[in-house]
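**Student:** From first to last, the protein sequence lines are chains A and B.
All you need for the working numbering is the position in the first sequence, starting with 1, plus 7.
All you need for the working numbering is the position in the second sequence, starting with 1, plus 217.
Since the hints were derived computationally from the structure, they do not count as laboratory data.
Yeah, the Cβ is synthetic: ideal placement off N, Cα and C, and Gly gets one too.
Among these hints, one or two may not hold up.
Quick list of the computed label-pair ranges, beta carbon to beta carbon [claimed, not checked]:
{"hint": "1", "chain 1": "B", "residue 1": "Thr-406", "chain 2": "A", "residue 2": "Ser-342", "range": "25 to 33 Å"}
{"hint": "2", "chain 1": "A", "residue 1": "Asn-337", "chain 2": "B", "residue 2": "Lys-397", "range": "29 to 37 Å"}
{"hint": "3", "chain 1": "B", "residue 1": "Asn-404", "chain 2": "A", "residue 2": "Lys-412", "range": "56 to 64 Å"}
{"hint": "4", "chain 1": "A", "residue 1": "Lys-412", "chain 2": "B", "residue 2": "Arg-427", "range": "51 to 59 Å"}
Which chain B residues stay away from chain A? Per the calculated CB distances, all over 12 Å, these [as the list claims (entries may be wrong)]:
{"hint": "5", "residue": "Thr-232"}
{"hint": "6", "residue": "Tyr-258"}
{"hint": "7", "residue": "Leu-271"}
{"hint": "8", "residue": "Ser-277"}
{"hint": "9", "residue": "Glu-279"}
{"hint": "10", "residue": "Val-325"}
{"hint": "11", "residue": "Asn-353"}
{"hint": "12", "residue": "Ser-407"}
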Amino acid sequence: MDFLTGVYLGYSFLAFYYIILFTLIYLQNRKDILKVPKITKKYSVSCVIPCYNEEENIGKTIDSIAKNGYKNLKKIIVVDDRSTDNSYEIMKKYEKKYPGLVIAVQTPKNTGKAAGAKNYGSKFVETELIVFTDADSFPEKGAIEKMVGFFDAENTGAVTSSVLVKNRSNFLLRMQALEYMVIKFTRKLLEYVDSIYVTPGPLAMYRAKYFFNVGGFDEKNLTEDIEITWRFLDAGYDVKMSLPSRVYSVAPRRAKEWIKQRIRWNVGGIQSIIKHKNKFFRKGILGFFVLPFFIVSWIIGISGLAFFIYRAAREVILRYASTTYSVGANTAVLSLQDLSLNPDILFYFGMMLFAAGLIFTFLSIFYEKEKEFKRPRIFDVMVYMFFYLLVYPVIILTSLYKALKGEIKW
Amino acid sequence: MKKNYFVFLQALLFTIVIFLVGFYIGMSIEGKRMVEINDYYLQSEVSLVDVLSLNKLVGSGEASCEELVRSDKELLDKVYGEARLLTQYEESGKLTNQVKNLHLKYDVLRTYLWITSIEIKKECSTNLSTIVYLYNHGETDLTNKAKQVVWSKLLLEVKEVSPEVVLIPIAADSDLVSLKAITGSYNITSFPVVIVNEKYLFYEIPPKERILELVNKSF
C-alpha cells in the first residue's frame, strides 16, 4: 500500500466515523427529535437585541419578539451600538409602541462587536432567563415558548433554536438555506451527546444565573456564540436545542459578503480553539469530543481539498501532455482504453461516503416540513453537494491565514 | 432526556467493521485477480517450453519454420493480451503488492520471448514483425508518463490496423540482467523507447503512419 492510499484510507475512516455516528444518534433518538418539554413553570424572560445599523430590520425584529406569544416576557432590551443610521430613532418609536416592554438603550461608545452590545444589554436583565436575538432575525410566533420548557432541568444552561434563511431570492441564498437546514438538524443530533457547540446569535436562550456565572460573552471573540457555549460545556451546564423553535435570519445575498461572514465565523472558531487549547482531551465532552470534532472537521475539509487539487492537477497535466503527444502521433486523444473498468477499493469507499453524505443531506432537508421551503430543487441540492461544500475548505484555509496574520476583525 | 455516550464506541466499532469488510472484499478481489493472472502465466510458461521444443525440432528438420513462427506469434499475442489485463488490475490494486512480483515474472518471460523471436527470425528468415516497447514501470515524471500513455495507445492502434505485428512491452526498470545486456547492445540511453524489427529505434513518438510503414515493409 502506498503512502497516498494510506492517507486516503485514514481520511475515509474519519469521514465514515462521523457519518455513522450521526446516523446512529439519529436512529436511536428519532422519535424525540421534534419533541419539546411541556411548560410547567412560566419562567420570566428578558430579550436582548444588539443592533448596529439595522434600520431596515430592527422594527420587524422587535415586533416578532413582542408578539411572539410568551406571556411572561418582561422586557425587550434593544441595544444600539452607536449606529450611524436611524436605528436608534426607530427603537425609540418602538419603545413608545410597547410601553413598559421595550427599552431602547445605547452603548457608551461603539463596541465594534455584537458581544459588546449583548453584554451591555444583559446588565438590564433581572429575569430568570435571557433570550438573545440578532437585529436582522425574526423568531417565528411561539418560538420562545417552545424553548422555555427545557429549563425545567436544573442543569440546562442554554437552549438554541433552528436558524433558517429568511430571504431565498437568489441562488447563493438558496444554497445557504439548504446549509442552514443541514446544520440545524446536525446540531439537534449533537444534543444527544451533549455536544452542541454553538448557540447561534439569531435566537438563543440562557439561564441568567449561569450566563452571569460564566462572565457573559467574550468581547474579543468574533464568534462569541461559539465561545460562550464552550464555556457553558466546560462549566458542566447542558446545552439543548428546540428544533421546532424557528428563527428566520437575513443571510448574505452576495458572494463577497458571504465570504466575509464565513471567514469571520472561522477566525472566531480559531480564536475559540486557541483560548480553550488546554482543554483538549482533558475535561468532559468539550475536551474529548467538541474540540477534536472541530479540528477533525477542518482536517477532513482541508485534506479533502488537498487531495482534490493534487489529483485534479496531475490529471490535467497528464491529459494536456498526452493530448499534445497524441496529436503529434496522429492517435486517438480519447479511447476506450482510458476507461478504467476495474475501479479500486478507494473508488468504492469514495462512492459509499458520497452516497452516505447525500442521504444525510436529504434526511436533514426533508425531515421537517418547513413552510415556504417545502420542496427544495434537486438541482440546488446537487450543486450544494458538489460545489458549495467544496468552497468551504478554501474558506478555512483563508481564515487560518488571516488568523495567523492577526487580522481579527468583525 | 437520554444520554448515550456509548454511541461513540458503537460508531467506532461499526466503522472498523465496515473497513474490515471493505478490506477483506478488496483483498479477496485483488487475490482472485492474481490467481487468474498466475494461471495465465503458467499456461504461457507451458506454451513457451512448447515453442522451445518446437524450435529444437525445426533445427533437426522434424518441424516446419511456419509452424514455429505461428506458435511463437500466438504466444506473443497471448502474453501481450495478458500484459494489458495485468496493467488494468495493477491500476486498480491498492492493497497488496503481489502484482509487482507477477509483473516482474512477466517481464522475464517477455524478454525471453523477444530473444527467442530474434533467434527464430534468424533461423527461419521469416517476415515476423516485432515491436518491442521498453518503458519505465515506476515512472514518476508526468511528461514521460504521458509519453508512455500515448506510446501504448499508438502501438495498440498499430496492432489493430496490422494484426500480424507482434507487440512486446517490457518494463525496462525491472532490473533484469538479460534485458540490460540486450538493451546495451542497442546502445539505448533512455526510456521509453520503441524498437521496430530490431532495426529502428524511436525515443520520440513519431506519427503512427511511420510505424505502420516500417511494419508493413517487413511483410
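**Student:** If a hint holds in the structure, say so; if it does not, say that too.
**Tutor:** Hints, verified against the model:
1. Thr-406/B <-> Ser-342/A: 25 to 33 Å: This hint holds: roughly 30 Å between Cβ atoms.
2. Asn-337/A <-> Lys-397/B: 29 to 37 Å: The hinted range 29 to 37 Å holds for Asn-337/A and Lys-397/B, with Cβ atoms some 33 Å apart.
3. Asn-404/B <-> Lys-412/A: 56 to 64 Å: 57 Å, holds
4. Lys-412/A <-> Arg-427/B: 51 to 59 Å: 58 Å, holds
5. Thr-232: 5 Å, violated
6. Tyr-258: Given that every Cβ of chain A is farther than 12 Å from that of Tyr-258/B, nearest at about 18 Å, it holds.
7. Leu-271: 33 Å, holds
8. Ser-277: 43 Å, holds
9. Glu-279: Holds, because the least Cβ-Cβ distance between Glu-279/B and chain A comes to about 42 Å, which exceeds 12 Å.
10. Val-325: 24 Å, holds
11. Asn-353: Since the minimum Cβ distance to chain A is about 15 Å, Asn-353/B lies beyond 12 Å and the statement holds.
12. Ser-407: About 16 Å separates Ser-407/B from the closest Cβ of chain A, which puts it past 12 Å; holds.
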